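Asker: Model the full structure from these sequences, guided by the hints.
Here the protein sequences come in this chain order: A and B.
Going by UniProt numbering, the first sequence opens with residue 1, and the numbers climb by one from there.
Going by UniProt numbering, the second sequence opens with residue 1, and the numbers climb by one from there.
Treat the hints as calculated values from the structure; they're not laboratory data.
Where hints are given, some of them may not hold.
Note that the list lumps identical chains together, so a pair holds whenever it fits in one copy or between two copies.
[To be verified] Derived lysine-lysine pairs resembling DSSO-like cross-links, with alpha carbons at most 30 Å apart:
1. 302 - 159
2. 14 - 317
3. 159 - 183
4. 275 - 183
5. 302 - 183
6. 14 - 96
7. 96 - 183
8. 214 - 183
9. 302 - 96
10. 159 - 334
11. 159 - 214
No experiment lies behind these values; they were computed from the predicted model shown.
2 protein chains.
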Amino acid sequence: MKLATLKDGSRDGKLVVVSRDLTRCTDASFLARTMQAALDDWTRVAPHLAALAESLEHGSVPSERFHESDAHSPLPRAYQWADGSAYVNHVELVRKARGADMPPSFWTDPLIYQGGSDAFVPPRDPIRMADEAWGIDCEAEVTVIVDDVPMGVGAEEAKDAIRLVMLVNDVTLRALTGPELAKGFGFFQSKPSSAFSPVAVTPDELGDAWDGGKVHLPLMVDLNGKPFGRANAGIDMTFDFPALIAHAARSRPLSAGTIIGSGTVSNKMDGQPGKPVSEGGAGYSCIAEQRVIETIQLGEPKTPFLRFGDTVRIEMKDKAGHSIFGAIEQTVEKYER
Amino acid sequence: MKLATLKDGSRDGKLVVVSRDLTRCTDASFLARTMQAALDDWTRVAPHLAALAESLEHGSVPSERFHESDAHSPLPRAYQWADGSAYVNHVELVRKARGADMPPSFWTDPLIYQGGSDAFVPPRDPIRMADEAWGIDCEAEVTVIVDDVPMGVGAEEAKDAIRLVMLVNDVTLRALTGPELAKGFGFFQSKPSSAFSPVAVTPDELGDAWDGGKVHLPLMVDLNGKPFGRANAGIDMTFDFPALIAHAARSRPLSAGTIIGSGTVSNKMDGQPGKPVSEGGAGYSCIAEQRVIETIQLGEPKTPFLRFGDTVRIEMKDKAGHSIFGAIEQTVEKYER
Numbered sequence: 001m002k003l004a005t006l007k008d009g010s011r012d013g014k015l016v017v018v019s020r021d022l023t024r025c026t027d028a029s030f031l032a033r034t035m036q037a038a039l040d041d042w043t044r045v046a047p048h049l050a051a052l053a054e055s056l057e058h059g060s061v062p063s064e065r066f067h068e069s070d071a072h073s074p075l076p077r078a079y080q081w082a083d084g085s086a087y088v089n090h091v092e093l094v095r096k097a098r099g100a101d102m103p104p105s106f107w108t109d110p111l112i113y114q115g116g117s118d119a120f121v122p123p124r125d126p127i128r129m130a131d132e133a134w135g136i137d138c139e140a141e142v143t144v145i146v147d148d149v150p151m152g153v154g155a156e157e158a159k160d161a162i163r164l165v166m167l168v169n170d171v172t173l174r175a176l177t178g179p180e181l182a183k184g185f186g187f188f189q190s191k192p193s194s195a196f197s198p199v200a201v202t203p204d205e206l207g208d209a210w211d212g213g214k215v216h217l218p219l220m221v222d223l224n225g226k227p228f229g230r231a232n233a234g235i236d237m238t239f240d241f242p243a244l245i246a247h248a249a250r251s252r253p254l255s256a257g258t259i260i261g262s263g264t265v266s267n268k269m270d271g272q273p274g275k276p277v278s279e280g281g282a283g284y285s286c287i288a289e290q291r292v293i294e295t296i297q298l299g300e301p302k303t304p305f306l307r308f309g310d311t312v313r314i315e316m317k318d319k320a321g322h323s324i325f326g327a328i329e330q331t332v333e334k335y336e337r
Numbered sequence: 001m002k003l004a005t006l007k008d009g010s011r012d013g014k015l016v017v018v019s020r021d022l023t024r025c026t027d028a029s030f031l032a033r034t035m036q037a038a039l040d041d042w043t044r045v046a047p048h049l050a051a052l053a054e055s056l057e058h059g060s061v062p063s064e065r066f067h068e069s070d071a072h073s074p075l076p077r078a079y080q081w082a083d084g085s086a087y088v089n090h091v092e093l094v095r096k097a098r099g100a101d102m103p104p105s106f107w108t109d110p111l112i113y114q115g116g117s118d119a120f121v122p123p124r125d126p127i128r129m130a131d132e133a134w135g136i137d138c139e140a141e142v143t144v145i146v147d148d149v150p151m152g153v154g155a156e157e158a159k160d161a162i163r164l165v166m167l168v169n170d171v172t173l174r175a176l177t178g179p180e181l182a183k184g185f186g187f188f189q190s191k192p193s194s195a196f197s198p199v200a201v202t203p204d205e206l207g208d209a210w211d212g213g214k215v216h217l218p219l220m221v222d223l224n225g226k227p228f229g230r231a232n233a234g235i236d237m238t239f240d241f242p243a244l245i246a247h248a249a250r251s252r253p254l255s256a257g258t259i260i261g262s263g264t265v266s267n268k269m270d271g272q273p274g275k276p277v278s279e280g281g282a283g284y285s286c287i288a289e290q291r292v293i294e295t296i297q298l299g300e301p302k303t304p305f306l307r308f309g310d311t312v313r314i315e316m317k318d319k320a321g322h323s324i325f326g327a328i329e330q331t332v333e334k335y336e337r
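Answerer: Structure representation (structure tokens):
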């Protein structure tokens, strides 16, 4: 089934079930007022949501047109957003850009950071930032939402805790990243509010593209209407979602509604860093990677980070070409108080 | 007024108003079901909670005995836990222990990390860890809960957003800290679930001890029943709470219910690192600091980190000697799944 949260003026929005083709939705708030409420009581609520989804497909319940622009992030605020960096190729390239070496352990020990989760942005809302000089960048990722996970869970058991799958634009401020990470406490100011796809789907909606740990489909990233990234999320994901969940739960439990991110999707090409889409490559899921490649090839980056007025679109389509999660589409705007 | 969350089997517990002397409480869930619900609608709800608190003091509403052991952390789960490290003396000492230099900018640019907030521990529950070898340590801190804070807020305006004050035991796994921070993404596994004081209080309950930015009272930390720390939270706090809030909100808004931590309270003594309580000093709010002093003085640390069976107690008393927030008291236990 596919679920979304409609903006209704409240902090957590209203839960709806969305049709498989994303054209219609039906109120599900009589089963669970909010997405978090559904996740808090998933075992009891999910079968009823699934039944409602079937009824929606058959046209046997009242429904209305689903507009992606009416959707908030599926969880407008969450109790945890733990973002991995599972495509180690991305880590290697971005560190290279910062002049930082990558220890070999990065290929065996998952990297994850604690993200801010109190104020996510709706998927069609602007990225509002005070200053272009902060180096505004997108990071297109796949994410999962888990149920309660006990401390010390193993990867095999962690598989069963995955409830929903989404996309995210994990906006990153590159000019702030370097100085902030040098302080040793991880990201804070350099990771402003993220936006998630209009729709969250149960893994079965992905069919063969879901193998229990990864999504084997290209992640489509467009900048200002032009293809920028088509990296396959099933390729070069060194740590799959169950591995990331187990890593996150080593010394503490995870509560239902915890969002786990894949990190920026990134593919190698013939064992080398990839090429732009325009040159026949899979392109990039963030601008920083393209800038590293340019620096390697040309001595300096030529693609600028996002400027006020630029638009990022992130989407994933099934093999028949239908959008699975709806599209994140955000324009960068100057923030004024 | 003083507020607490009673454990009732639900994820978020039940909101109660607690008497000033912490002996009695009255159900407040008819005004706001949970602490988060009160914070979500503070402007409207707080005056009613305050009126209820007055009635409780006068004995004009039904009340029951308040047992600190019945309390969960005031927010059993929160949308954000952003923990500063405002006592730069602590940072300097702990970095020394890791063999890491401290850049001078640490005295002017606040340090803050994004903590996990999905699964806090009740204040009288054990610290359950799988392995003593992880170097289990306490960190006693003061925290505030804020209302909605707009992006880009200044410190002066941030003052007005402080709604409640609490204590926290920010448990830290010292053996995991070094390797994890070296990876560059901050703490994750090395910061397991925190426990907050049984009671959260509005700043006016602190009287003269609250100056709008700091709490000028000693933070009492006992290990296995013996005084370990008596550092004054109003001394050597290089960045006060409004400064920490402004830092956290530079590139994103903070949502109501965000918890901001002071970092481990730490006092210098005559311009030098402090002395143990037993030697007439203010002692320490974490074991790591004492171990650094021992290493400096004796060549190696002699105080071990927490072992299974050890107990940590964290409390703060007003000038008349009455407990303000109730006590966090946690025994370390082996975690078995």
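Asker: Are the hints correct? Go through all of them and say.
Answerer: Structure-based check of each hint:
1. 302 - 159: neither (41 Å within a copy, 43 Å between copies)
2. 14 - 317: Intra 25 Å, inter 44 Å, cutoff 30 Å: intra-copy only.
3. 159 - 183: between (35 Å within a copy, 26 Å between copies)
4. 275 - 183: Between copies only: 27 Å across chains, 33 Å inside a chain, cut-off 30 Å.
5. 302 - 183: Classified as both: same-chain Cα gap 28 Å, cross-chain 29 Å, threshold 30 Å.
6. 14 - 96: neither (43 Å within a copy, 50 Å between copies)
7. 96 - 183: both (18 Å within a copy, 14 Å between copies)
8. 214 - 183: between (33 Å within a copy, 24 Å between copies)
9. 302 - 96: within (16 Å within a copy, 41 Å between copies)
10. 159 - 334: Close across copies (26 Å), not inside one copy (41 Å); limit 30 Å.
11. 159 - 214: Answer is within; shortest intra-copy Cα gap is 11 Å, inter-copy 45 Å.
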